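Quick note: the sequence shown uses this note's numbering, first residue 941, plus one each step.
Honestly, the hints are just simulated from the structure, not real lab data.
These figures come from a predicted structure and were not determined experimentally.
Be aware that one or more of the hints could be misleading.
The following label-pair restraints were derived from C-beta to C-beta distances [said to hold, decoys possible]:
| hint | residue 1 | residue 2 | range |
| --- | --- | --- | --- |
| 1 | Glu972 | Glu1051 | 42 to 48 Å |
| 2 | Ser1232 | Glu1138 | 34 to 40 Å |
| 3 | Arg991 | Asp1140 | 27 to 33 Å |
| 4 | Pro1095 | Arg991 | 34 to 40 Å |
| 5 | Glu947 | Ser977 | 27 to 33 Å |
In silico lysine-lysine, DSS-like type, Cα no more than 27 Å apart, as pairs [as the list claims (entries may be wrong)]:
| hint | residue 1 | residue 2 |
| --- | --- | --- |
| 6 | Lys1115 | Lys956 |
| 7 | Lys1115 | Lys1024 |
| 8 | Lys956 | Lys973 |
The beta-carbon is built from N, C-alpha and C at its ideal position, and this holds for glycine as well.
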Amino acid sequence: MAPTQAEVDAARDDPKLANVLYHDWESDSYDEKWSISFDERCTTFAVDRFRAVSPDPGPFDHALELGCGTGFFLLNLMQGGVAKRGTVTDLSPGMVAVATRNAANLGLDVEGRVADAETIPVPDASVDLVVGHAVLHHIPDLDTAFREILRVLRPGGRFVFAGEPTRLGDLYARKLGQATWWATTRFAPASWLRPQVELDESSRAAALESVVDQHVFDPDRLERFAHAAGAVDVRVVTEELTAAVFGWPVRTFEAAVPPERLGMGWAMFAYRSWQRLSWLDARVLSRVVPRSLFYNALVTGVRPADPVRV
């Protein structure tokens, strides 16, 4: 159920409440909104993101996902052989419910918990891998969250987070999205647009989204959070420049227009174009453009092995 305007207003000064309201609200339609699936397309995407930053391909025995949403990252990593069993966690009960339902439908060994990333409800040194996609920028206290990540990892365990917005990437993505929404809702034929009540709900969702997004990252800053918590072998890479400049207007346009209006031809055009531009970004532009200009940051690190006692 969509939150009322009063609830949206109350959440403006409470980012955790905003996260719960926003993600509970979006949970049933989130997969459609972001073209999330659990097939070869998204499994390949998730595994490629993991391998882009992690030198260890797995498989890991037990993986935990923070801010799981509908399970996009971990469930697809499990299908790609990166992890054998999993735990999905999120502040949003609605998202945990959808993620565990998706896991059950896929036949994956996954449990779900409603949990705060700043107080992860699992024992010390109990998981081999911690992952997340587009979650770190939602967490108010990242110093505490990274200490928790290191606490729950076994010595030698790894964390991998992808999909985190850079400072400059977030700036141009938001501007492109706002311009596209303005143009689409004013100039597209009314018969092409979603019903006005859905457009109004999207606008309220955007207001909440501006609250739930707590951080943008310079790559060096993201590395400092991991090092400060005690991680070793920390690495940050960035990706998507032309792909993001193309992708954000496309995603915004799709949020305003019913999918049946666009059809499979549009979906394949958007996906194939994104793939080609991602190839250009990774193979050409990443060699000559500063990493801070790319949209997405990915970070990995390792909990140090315990010292040998003699």
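Index of numbered hints that the structure contradicts, given in increasing order: Hints 1, 3, 4 and 7 contradicted; others consistent.
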